[in-house]
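*Asks:* The whole structure should be built from the sequences, with the hints applied where relevant.
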Amino acid sequence: MSQSSIIGAGTVVRGNLEGEGSLEIYGRVEGDVSTTGEVLVGEGGAVLGDVTAAKISVSGAVQGDLRGSEAVLLERGAKVVGDLSAPRVGIANGALVRGSVRTEGEPAPAAKRAAGPGLKPATFAAKPVAKTEPKPPALSRVSEPLEAAAPARPKEKAPERRPPPPVLPSLGKGAKGKKKKDRDE
Amino acid sequence: MAGTVIGEGLSVEGDITSDEEVVVQGNLRGKLTSSDAVSIGPSSVVQADIAGQSVSIAGQVTGDITAPERVDIQAGGRLVGDVKAARFTIADGASFKGAVDMEV
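Listed in order, the protein sequences are those of chains A and B.
Okay, so the first sequence: first residue is 1 according to the working numbering, each after it adds one.
Okay, so the second sequence: first residue is 1 according to the working numbering, each after it adds one.
Distance ranges between label pairs, derived from CB positions:
#1 P42/B to S100/A: 39 to 47 Å
#2 E43/A to R70/B: 29 to 37 Å
#3 R29/B to V81/A: 25 to 33 Å
#4 K97/B to A92/A: 49 to 57 Å
#5 E43/A to V100/B: 37 to 45 Å
#6 G77/A to R70/B: 38 to 46 Å
#7 K79/A to R29/B: 25 to 33 Å
#8 S43/B to R102/A: 33 to 41 Å
#9 R98/A to G98/B: 43 to 51 Å
Hints in this document: simulated from the structure, not taken from any laboratory.
All figures in this text were calculated on a predicted structure; none of them were measured in a lab.
A virtual CB, placed ideally from N, CA and C, is assigned to each residue, including glycine.
*Replies:* Next up, the structure:
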């Protein structure tokens, strides 16, 4: 309970909120929000700034980018002007968005997430830990960067080419001069 | 349930304005204004001027406190700053450095 925070409907925060634990916003926040837990922007809540969290649910208004390390979910009635990026992005029927959407990063498999709390240190290292955890070999192979496997482009020896023979104009110098003179007269 | 809670582990840098009860258990730097009660929890560190209907301090506060009703420093609380209030109590075990104005 002590880890969760609430910005009530009658409250305005001008500045940045940062830390751990979950945060529910029913009031107004003019500044960036960053937590390691969940952020809920409730109905009537408004955020003017970027939001970074593990999971972000929006039923209110946000003007700024939403970055979730797990998920970004826009519920019915949400109004978002900004970019969304998370492994899982959900936009419900009736939610309004203006911005680009990117589903990036590997969504944590259920088994891995279940093992998370046991391995997690007490400090706020939850996000990096999830990514460096030892994975089953099949998964690690999939997540290896693909660039290394890309074959080097074979070097082609340019065949010796000669420029095409010059094309001579059909009209000689004299002919052109004559023509011009004719027109002048 | 209080209207606004800044939980333990959360830091706010900036101004908070509210017309409902505000409970700070985390850290705050800036300014806190409420037309209702304000309470600063035992684990919190606050560097801000605080204005509220009544203000209760159990954590560490640096800043001036203004309350039309009352200001209470609980045991274990620590306040460095001036207090302007109609009623003012300092519990046994609390520390306080500053001036008091009770509008006599």
